[in-house]
Amino acid sequence: MSNIIIILAIFGWAILTYIAFRLNKTLGNIFVGLIAVALPVYYFTYVPEDYSFQVMGLTLQFGFTSFSSLFAILVVILGALTLLYSIPYMNKKDRLGWFYLNFLFSIGGMLGILMSKDFVSLFIFWEIMTWSSYLIVIFSGKKVNKVGVKYMVYSAIGAYAMLMAIVLINKWSGTTNISHFFETFADYSNGAKILSSLLLLTAFAVKSALMPLHVWAPNAYTNSPMSYTSLFSGALSKMGIYGMALVAIMLYTNTGMKFFGEALAWLGAITAVLATFWAVFQTDIRKLLAYSSIGQLGYIAVGLGIGTELGVMAALFLALLHGLFKGILFMAAGAIEYRTGKTDFSELRGLIWKMPVTFFSALVAIIALAGMPPLSGLISKWLIYEALLSSEHYFLIILIFLSSTAAFLYCFHFLYGVFLGQREDDIEDVKEAPALMLVPMVLMSFGLLALGTFPGLIFKHISSSMSYLGFNDVTWEMSVLTNEWGNKIYLTHLNTMFMVVFAVFFVIITLVARKKTRRVGTKDIANAGEPILAEDNYHFSQDFYKPFWRVISPVMKYRIETFYNSFANGIGEFFQFFRRVYTGNGQTYALYVVIFLTILFIVGATLI
Amino acid sequence: MTEELMQQILKISFYGASLALILIGLYGVLTKKNLIKILLSMAIAESGLNLLFVAIGYIMNGTAPIFSTAVLDENNQLLETVTMVDPIPQALVLTAIVIGLGVTAVGLALVIRLYKHHNTINIDEIRNLKW
Amino acid sequence: MVADPILYVALPLLTAFLLPIIGKINKELIRIVPGLLFAFLVYNSIALFSKVSATHTPIIVEIAGWAPPIGINLVYSSFTGFIATIISVLALLVWAYSYKFKKLEFDNSLKYFVLLMLVTAGSIGVILTGDLFNQFVFLEIVALSSYPLVAFYRGRNGAEASFKYLLVGGFASLSILLGIVLIYSQLGTLNMADIAAHIDEMPRNIKIVSFTLLFLGFAIEAEMFPLNGWAPDTYSQAPGPIGAVFAGMTAKAGIYALIRMIYTIFDFSGAFEILLIMGVITLVVSEGIALRQENLKRMLAYSSLGQMGLLMIAFGINTKTAVIAGMLILFNHAVIKSLLFLSSSFLVYNSKDKLIKDAYGMGKKLPLTAILFGIGAFAIVGLPPFSGFWGKLYLLMASADANLLGLIALILAVSVIEIVYYFRVVNGVYFKKSKTEIEVHKPRWNASLAMIILAAAIIVVGIYPNIIYDYLVNAADTLLDKASYISHVLPNLASN
Amino acid sequence: MDIWKLLLTGSVTTVLAFVVGMLYMGLRRKITARVQNRVGPPIYQNFLDVMKLWSKKSSINHGFMQHVAPLWMIATSITTLMFIPILNNGSTFFTNLTFEGDLIMLLYLMVVGSLGMALGAGQTGNPNSAIGVTRGLTQMVGFEIPWVMALVALMIQHRTTTVAGLLDVQVQSGTWLMLSSPFAFIAALLAIPGMFRYSPFDIVGAPAELASGPISEFGGKYLGTMMTNGAIFAFVKLTLFVDIFMGGASNLGFLLLKTFALYMFPVLWGLVSPRFRTEQAVRFFWGWPVFFGVLGLIQAAI
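Taken in order, these protein sequences are the chains called A, B, C and D.
Its first residue numbered 1, the first sequence is counted upward by one per residue in my numbering.
Its first residue numbered 1, the second sequence is counted upward by one per residue in my numbering.
Its first residue numbered 1, the third sequence is counted upward by one per residue in my numbering.
Its first residue numbered 1, the fourth sequence is counted upward by one per residue in my numbering.
Worth flagging that the hints you see were computed from the coordinates, not collected in a lab.
All the given hints hold, so there is nothing to weed out.
DEER-style ranges, computed between Cβ atoms:
1) C:N350 / A:K142: 25 to 35 Å
2) C:N350 / B:T31: 36 to 46 Å
3) A:T606 / C:E201: 17 to 27 Å
4) B:T31 / A:V581: 14 to 24 Å
5) D:I298 / A:R550: 22 to 32 Å
6) C:E437 / A:D50: 51 to 61 Å
7) A:P356 / C:K364: 39 to 49 Å
8) A:E477 / D:R277: 44 to 54 Å
9) B:L101 / A:I602: 26 to 36 Å
With a straight-line Cα cutoff of 16 Å, these simulated EDC-like cross-link-like pairs (lysine to aspartate or glutamate) come out:
10) A:K546 / D:E279
11) C:K435 / C:E294
12) B:K11 / B:D86
13) B:K130 / C:D353
14) A:K342 / A:D429
15) A:K146 / A:E561
16) A:K171 / C:D401
17) A:K93 / A:E337
18) C:K364 / A:D94
19) A:K460 / A:E477
20) C:K432 / C:E294
21) B:K130 / C:E294
22) A:K523 / A:D425
23) A:K354 / A:E428
24) B:K33 / B:E125
Now the stretches of chain D that chain A is said to cover, found in silico as 3 or more residues with beta-carbon under 8 Å:
25) 102 to 113
26) 221 to 234
Beta carbons are placed, not taken as given, at the ideal position from N, Cα and C, and that holds for glycine.
Work out the full structure, taking the sequences as your base and the hints as a guide.
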């Protein structure tokens, strides 16, 4: 019982919060703060129970599995932190009650998805999550049709693919129970296997922005308030990963349909490469992060697609990690937007001096994103490569490597374009973000740091959740990674080594000639002997990776989006033409009646 | 024998006439551009239909379906059967006529309204609502 | 208080004719009396429906003491009672909504309420009657009172729409009457159960011709493509609440007549396929055309036609699940589409052309109406937890059971189209700047209450559909059990 | 792990790397000068330069990231060094942390320094630095691909991901991997000049265009640190390559021989080539080197 209660409580609280905001803003904020605290506290203390009831002749079942609770941790933590972050971030905006109503509805929807043990309730919560996120995507009121409706349409395509799968599964197996479906999947005919799994995969691929169904994502991520995008990209897209993992492992890997798993992995790799390339050329920090998210989700799909133990472990680890670092990055972008009102690289520079805490959180996240030691990103990357190596995916690994190398480009672009470069007077009034916005970022940064050396903290949960997927006794150690060939890396040694050397040299370099070190402004630079005038700014922000663009532009001009758009337009035009059937002349309508009658006679003659 | 033949011929001519009326009406509705003519064509088709209905219930030499005097013997048996036409079609046709009248009346009212609004009663020119 | 199916028909007709006289006593009574009447009808429905649901046997009323097949009878079963209940509740809500609706423009409430009562009586009559000719008469009552309602406003193109309706509706009545004549000529009876019992005695040719003619006539009333050219015009030109009446009552009467004919009267199994195919065509064409409408009411009308297509699909599949789905869709369509028509009337209240553009920016000016419209839009595209979802789910499940994979894909694809055009409107209402300065008209509390009740029904049924599920199952069972219909209406037939 | 032993051997290794690297760089200057018909500086000139830089009293600092950038780099280089086997004979003296990491980790570890450098250069505010960094990163995307292809081919073929494992393979079979996997070797070899950023791949520094690019704002102790790092890192790269493809070395003499021979490849190529533009460099790496890399992968797959 307690399972469904928590969801209903969240929904109820959402409505209460809405009412509270109608009464008083402070009261509303208190409500938001309360749920942000209560959510993790409740989640980590309650005892799960299964619950089921009948609706419309269908049995709805609820209860966490060991697998779904892994994602629930992410949702709860990220949800709580983004809620906290939202309080100052959204404070100046209107319609806050509406915002938090949908915010809490999408958190409730996500938890509901993870709690659902049957497809119908999964779908219901899936749709609740979808429309509540849609309402937040259009919350700003900008580009509501271009971005919002597009998001809704792609989501609907995915959701309806799922719905089709659900009704078919219900027909074939007589029940919509998820685990029953997995258990009996092997008995299905080949056509049924392929159709149902592909439909489900489509549904989940849309949410996790797998190419070629990613089209909605960059704009939707950009258009919603950053405090929500943290959750959107960090946790909500993971619902797609959650489902995709189930499909890829339970259906493809465990029943010998490896081919589809491979296809998924390839799609993921292509997504990773192309999305990364697009991220490199973005001029808006939010879009950059959005494309980067898509790319990271591609990695996860690769891990799930190859379906080996290490691969799944890598995918799940990255899924959690991505929630953390992309959460931080979107929050950082939000903090920048909050303080400067700008998100375009051409308008931002030098914020490191004004927002150091934001910078360091973002730096930590970027290092994790790029996969460099000493942070946890390395572990996820390492696991993926080892998984690909030991399962002999020669070319897939090259694609992944290309993508993660190219990722350095946008990582640098993000840090440089926003925080570094030549300072200008226009940032003099900028202050560090409010404390309540910094706290979530800093907390998550610490999380990343801790996981960088002690990934076992999460491996514990991952291994128990992988037993649900059929990988029994996954071995893991607190800070040692082992691949299938027995090669190990010792994270403690690596990280200690790095940090000790770093610290030693830090002391040396700080002490040497300490007094004579001149601190100068960024306009005091070597410039062929010419001093830079006060009104000039040499910050490098235009055509950032022009040479790289020249190299890869032949590939980039083919965009699936144009194809989709012309397809949609084609449908519109077709029906536009069809509208002429309704001529407006009553006599024509009468003529239709006569014609229809004639046809009906002809058809009727064959009636039995 | 001849009576039966007569009855058949009569029925067929009734049917033919009513069918012709219906077709005339249909033709008028579909080709005439004048709203009033369209309405009249509809009325014609309807009367054709009513004729058909009555014709179905018609029995030759039948009387009106009204119980006036029943000639009974002492055992309350009918001595003489009176051939009556089927009463139900007549009742129904009466209703149908009334309905047709109503439709025509409403239609004419609408024509007046349309004429005031559009200054024409050509159906091809009254096409503000389309697509 | 008494509760009897006959009151559904008798009382509104009586009141409609007495209303001018009552109006002489006090002007306000013109508005109040219909409300009392509709309230009584709702009471009547509840009393009868709970009785029927409890006993699972239909209530059959023989008018004027003549037993069927000779006399006219009304059949109040779980199936017909369900629809009658929806219609009477809807009528009450429409009354509440239109109490003083557009009073300032001109006060024509007498005509309006008389016609409203006639439409209600006619629609319920179509559904309850067990006699084919009687059904025709009720359909004509519906049509005859709809024509003036469509042309109610002078300034608009109502007369044009009404005339088109009349033209096509004339065909419908001709066709139905002809079909009835043919059946009568062969079987000598007009009682549906009696016809159904003896239908195999009819020569095949005449059976087919009469079937075709009846199908055509009812299909026109049920707004089947391509016979529905009149429908968008009437929906868009009629007064706001009348759109809800058309969607919730007259169209329901048409589709009811159609399915009653196909399910009960005739025994053509191919008829279901025709219904299914025509439903698919209606659905796709209507929703596709709705995609680029600029007129709000017209868009809703096309969407409504699409829903009628869904209904035809549901009843065309002809399984129990499908019929349950059909009943659900029927319920949803009545409730949701009414809500959409009622709320959209306020969004474009003072606009002449009722364009979607004119509703822009109303989210701020009419917050309640806008949110209700939004709920309606969410519900009609089938998003949970609104009631539209369950209808769609059941329809898909029925299609899956019938192995119609292509149909599932098609319905879902069309739902995507629905999302596109509905969400555009909702977005426009909330986020677009209103370009023209149109004076807003705030709904009175009575109108708001009517809309809120509809919205509440959508949400309640969406969250907890079990409250109507049993009724739906009963209704489906009743519809599908042709033999028990006959035996209930004609208890003597079985013994003979 | 004995910390004190690690401290000792680590320090020795670092000093060795520093000295060798410095000497190689000096040699390069000498050779370059000779080819260009100049006398050139003495080969110990680089030592003098570093000493001068370290002893400079003043240095310019634009901010915290510039401050930590050089030590970020040197920390990376030294950490990397610790994970690379210097000798292939299992000598415990140079073991360091060799058995506690693998190639994938090294690949990532080796780019950490670049990130630090990039951030430091970014903070100086000099546009040339940022341009240089973008060029460097772009070029990296170029040369990493053939390089990784070669490594992947070897790793999968020999079912190990550690450098020590690959060394073992060569020691036991007695054949260098450059002979048994020639395509992979060619691919990797062609990637080497990109790593060293000598002409024609000196687009990052590009003295005439970018005024030495990312390092243009670094001076004094910062530049000194960076030069030190450059020497160590050169040694790291060469040793790694030798370990993987050329069978490692059983003593320091062989190590010097092999690394020097390898080092001459980018140096001599650089002498006769003008600078590429950035996109040309990337296209170069994605041309023949990738082709050979694919051949190498195919060979490994077969």
